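J.: Sequence:
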Amino acid sequence: MISATYKAQVDLLLQVLPYVAKEKIFALKGGTAINLFVRDMPRLSVDIDLTYLPLDSRENALQNIQDGLNRIKVDIEKNVPEVKVHTVPLNGGTDVKLNCQGKNAQIKIEVNTITRGNVFPTQLMQVVDSVQDEFGKFAAVNMVSLAELYGGKICAALDRQHPRDVFDVKLLLENEGLTDEIWVGVKIGMISHYKPINELLSPILKDQKSAFDKQFAGMTSVEFTYDNYEKTRATLIDTIQQRLTDDEKRFLLSFEMGE
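Count the sequence shown with this note's numbering and you get residues -17 to 241, in order.
Mixed in with the good hints there might be a few duds.
Within a straight-line C-alpha distance of at most 20 Å, the following computed EDC-like cross-link-like pairs (lysine to aspartate or glutamate) qualify [to be verified]:
no.: 1; residue 1: Lys55; residue 2: Asp29
no.: 2; residue 1: Lys231; residue 2: Glu181
no.: 3; residue 1: Lys66; residue 2: Asp(-7)
no.: 4; residue 1: Lys79; residue 2: Glu92
Label pairs and their in silico Cβ distance ranges [claimed, not checked]:
no.: 5; residue 1: Pro63; residue 2: Gln114; range: 20 to 26 Å
no.: 6; residue 1: Gly240; residue 2: Ser203; range: 44 to 50 Å
no.: 7; residue 1: Gln223; residue 2: Gln83; range: 41 to 47 Å
no.: 8; residue 1: Gln197; residue 2: Tyr176; range: 19 to 25 Å
no.: 9; residue 1: Gln83; residue 2: Asn157; range: 31 to 37 Å
Simulated from the structure, these hints should not be mistaken for laboratory data. On a predicted model such as this, the values are computed, not experimentally measured, just so you know. Glycine residues also receive a C-beta, built at the ideal position from the N, C-alpha and C atoms.
Use the sequences and the hints to build the structure in full.
T.: So this is what it looks like as structure tokens:
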């Protein structure tokens, strides 16, 4: 059963998303892109994850990201005055964030400052019909390519192993599967990731029961148990390991060694 708390967060997300979409230096990625724009809302998603698109120096990128988020902050507070927006500075982390606080919900808008740019063209997407029917709101936004969207999602599922990421991967494996296009995105995600590639290919399995109960239960419209979670995670790891060719292994190893 869908939680009313998560519904309130999605409603807030849809209120602020049009002002995020105006900033063309960013493209949407992550769970919101998958579940509100690609899939027919199998689960709710409550954060706005963005990729900074221009390929410029880190110094310029950090300034442009901050300026872009400041414009979003001003725009939201001007047009949705009941929403209060607070900037969360970098402070040695990887993400610059805006916290958006509404009457009944809070969401985050995040930009990763490390993994910047895109390989394939972005695409303009609009929310699926079920989102419009459920929440009575429309949004269209620039989104990363399907390859990079799912490549990043798979790497997140291998790294964090959060139930939200693994759920999204389960639906991919049951539908499109690991297509050639998405496989390219996976390799891009691996060589762009902050963790050593071998830790993504053979991750130490985490106990995510607490995260499942506290940060995932009540998000989905389809059944997904913790047993489903563990089986999907195992299937994903096996699928990735079986898919890698010897040439791809050599390439990833040479990249990791800086050759």
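J.: Kindly indicate which numbered hints from before are broken by the structure, ordering the numbers from low to high.
T.: none
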